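S.K.: As they're listed, the protein sequences go chains A and B.
In terms of numbering that gives the first Met the number 0, the first sequence opens at residue 0 and continues consecutively.
In terms of numbering that gives the first Met the number 0, the second sequence opens at residue 0 and continues consecutively.
Incorrect hints may appear among the rest.
Stretches of chain B that chain A covers, calculated by requiring three or more beta carbons in the stretch to come under 8 Å of a beta carbon on chain A [to be verified]: (1) 18-31; (2) 47-54; (3) 68-76; (4) 102-108; (5) 114-127; (6) 206-214.
Computed list of chain A residues with no C-beta within reach of chain B, every gap over 12 Å [as the list claims (entries may be wrong)]: (7) Ala42; (8) Ala61; (9) Phe62; (10) His64; (11) Ile89; (12) Arg104; (13) Ile125; (14) Asn159; (15) Ala166; (16) Ser167; (17) Ser177; (18) Pro189; (19) Ile191; (20) Met192.
Calculated from the structure, these hints are not laboratory results.
Nothing here was measured: the structure is a model prediction, and the numbers come from that model.
Heads up, the beta-carbon is just placed ideally off N, CA and C, and yes, glycines get one too.
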Amino acid sequence: MNTPTPPTLRVSTVLVLAALLTLIITSFVSISLDWQPFFTQAAIHTTGEFLLGFAPPDVSPAFLHQVALATAETLAMSALGTLIAALLGIMLALPASGRLGAVARASTRMLLNALRSIPELVWASILLIAAGLGPFAGTLALAVHTMGVLGRLFADAIENGPTLPEASLRINGVSPLSAFFYASLPQTLPQIMSYTLYRWENNIRAAAILGIVGAGGLGQMLKYHLSLFQMHQAASVIVAMLLLVALVDATSFALRRHMTRL
Amino acid sequence: MLMISEFHPWLLLDARSLRATMQFLSTFVPPAHSAEFLSVVLQATWQTIAMATAGLTLALLAAIPLTLIMTQCLSISRLGTNRMSMPASLLRHSARWLLLLLRSVPELVWALLLVRIVGLGPTAGVLAIALTYTGMLGKVYAEILESSDAHAADTLLKNGNGRLTALLYGALPQASSELLSYTIYRWECAIRGSVVMGFVGAGGLGQRMDEAMKMLADDQVATILIMLILLVTGCDGISRLLRRHWT
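Next comes chain A alone, as it looks inside the complex (with noise of 0.2 Å):
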């Protein structure tokens, strides 16, 4: 019987595992992990005690409004950051994608890497200085923070879309900011609302733990009862969470469902 010759192994692939192996392993070795509070007998009752203490959640009329309001406020501000970060997302794309130049293009680039590296949390802490303690705070971080993922998505779609529309007007004398306008812009804004939404989806889930730097939201507030030790609110904070979590995720779900049988 023939059997298939077994797949030769690349040098190249025994490198890259044997590092990934170490970096495994120095990582473990280096951070040296604490289980002792799992395992030991006190460890594993004041662990229990501590999570019993969540049980039952405050649902008081009073409070639960307080946590409505927060979640209108976690909304909030996850739509206006995304709404700001897509129209200055679509400024920065225009010289992102080459349309006035290479260095032009260059700068902007890095630019927009920048904003995206430095996540919204780091970003929120920092704006807290000039905007003060709030959701304005975590409004601007999430519009910054956005406008570097989002101007980047922009340009690359534009970049890849067909050049052939915009071509012709150049040819014919138009300058490149009506050309875009006009031919690369309407190509590429189905793409563009896609990803908005798309970052809508993922900024209300950042701007519900935004404020744990004091950036507003249901962040803020759970940090607030965390720290105060009222356990039966912080659990109620927890739920409104994951409630908000579970209900972004089912309704971008059905959404992409219906978006996709079309």
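Here the structure of chain A is known, so what remains is to put chain B in place on it, guided by the hints.
M.R.: Same frame as chain A, now just chain B:
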């Protein structure tokens, strides 16, 4: 919406906040660059990478068995009748719900809770990443395995092979490159996640950043920000290289 999010752009131009901002920005240059501080930052950077790697490894260890439980095309009772037996479907659904719960709680909230159990330090961060990523990896692995062609695994199962054999020889070879590339992508996300873990006291670059912000040591903040950008860009590059190598 503008009202709820307290959108007051004019606050940015307020004289007092402008002064605070200018003061903050003016001390940004030059970034702190004493040898001592740089070594601290480098250590924190390594801790961030190590947290992400260790967390993802633990997540893998938990997610792979859960995937094995969940994947529908590896069900034996489903063969022939196309209906799973009661206990099998119950087990699959409970695994699904467990994963849903694990990934619905944001990693930062896991970290916030775990810091109170295991104390300050990287352990909380590693566990937070492990919990959230178990949820994400398990779900996506099962989806990838189920969306690939089930014919080979089916044939193996029908001829009396075990589930593990069907997975290794039937389902895995088709899906391996997709599984690998998703795992590497998640590693990149874990690095970004572990950067912010520090803000709740779970070690790494975030914690140094938080400390520097609270001491209003702006030159240190600037150094950490530069390090952060380098770290994220570097990891993007490595992950792109690895994905190209394997796919």
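S.K.: The structure should be examined with respect to each hint, and the outcome stated for every one.
M.R.: Going through the hints against the structure:
Counting residues of the segment 18-31 of chain B whose C-beta lies closer than 8 Å to any C-beta of chain A gives 3; at least three are required, and the coverage claim holds. Residue count for the segment 47-54 of chain B with a Cβ under 8 Å from a Cβ of chain A: 5. That meets the three needed, and the coverage hint holds. Three residues within the 8 Å Cβ limit are the bar, and the segment 68-76 of chain B against chain A gives 0, so the coverage statement is violated. Check on the segment 102-108 of chain B: 5 of its residues sit with their Cβ under 8 Å from a Cβ of chain A, so the three-residue criterion for coverage holds.
Here's how the segment 114-127 of chain B fares: 8 of its residues keep a CB closer than 8 Å to some CB of chain A, so the rule of at least three is met and the hint holds. For the segment 206-214 of chain B, the assignment as covered by chain A holds, since 3 residues bring a beta-carbon within under 8 Å of that chain's beta-carbons and 3 suffice. The Cβ of A:Ala42 does not lie farther than 12 Å from every Cβ of chain B; its closest approach is about 8 Å, which violates its non-interface assignment. No Cβ of chain B comes within 12 Å of the Cβ of A:Ala61; the nearest lies about 19 Å off, and the non-interface call holds.
A cut-off of 12 Å between C-beta atoms confirms that A:Phe62 is not in contact with chain B; the least separation is 19 Å. Every CB of chain B lies more than 12 Å from the CB of A:His64, the least distance being 14 Å, so the non-interface label holds. No beta-carbon of chain B comes within 12 Å of the beta-carbon of A:Ile89; the shortest separation is about 20 Å. Non-interface call for A:Arg104 relative to chain B: holds, since the shortest CB-CB distance, roughly 18 Å, exceeds 12 Å.
For A:Ile125, the non-interface assignment is contradicted: its Cβ lies about 7 Å from the closest Cβ of chain B, within the 12 Å cut-off. Every C-beta of chain B lies more than 12 Å from that of A:Asn159, the closest at about 17 Å, which supports listing it as non-interface. Every CB of chain B is more than 12 Å from the CB of A:Ala166 (nearest about 30 Å), matching its label as outside the interface. No Cβ of chain B approaches the Cβ of A:Ser167 within 12 Å, the least distance being about 35 Å, so the stated non-interface status holds.
In this structure A:Ser177 is separated from chain B by more than 12 Å, as the shortest Cβ-Cβ distance comes to about 30 Å. Distance check on A:Pro189: its Cβ is at least 25 Å (rounded) from any Cβ of chain B, clearing the 12 Å threshold; non-interface status holds. The non-interface label for A:Ile191 is consistent with chain B: the shortest C-beta to C-beta separation is roughly 21 Å, beyond 12 Å. Every CB of chain B is more than 12 Å from the CB of A:Met192 (nearest about 19 Å), matching its label as outside the interface.
Checked against the numbered hints above, the structure breaks hints 3, 7 and 13 and satisfies the rest.
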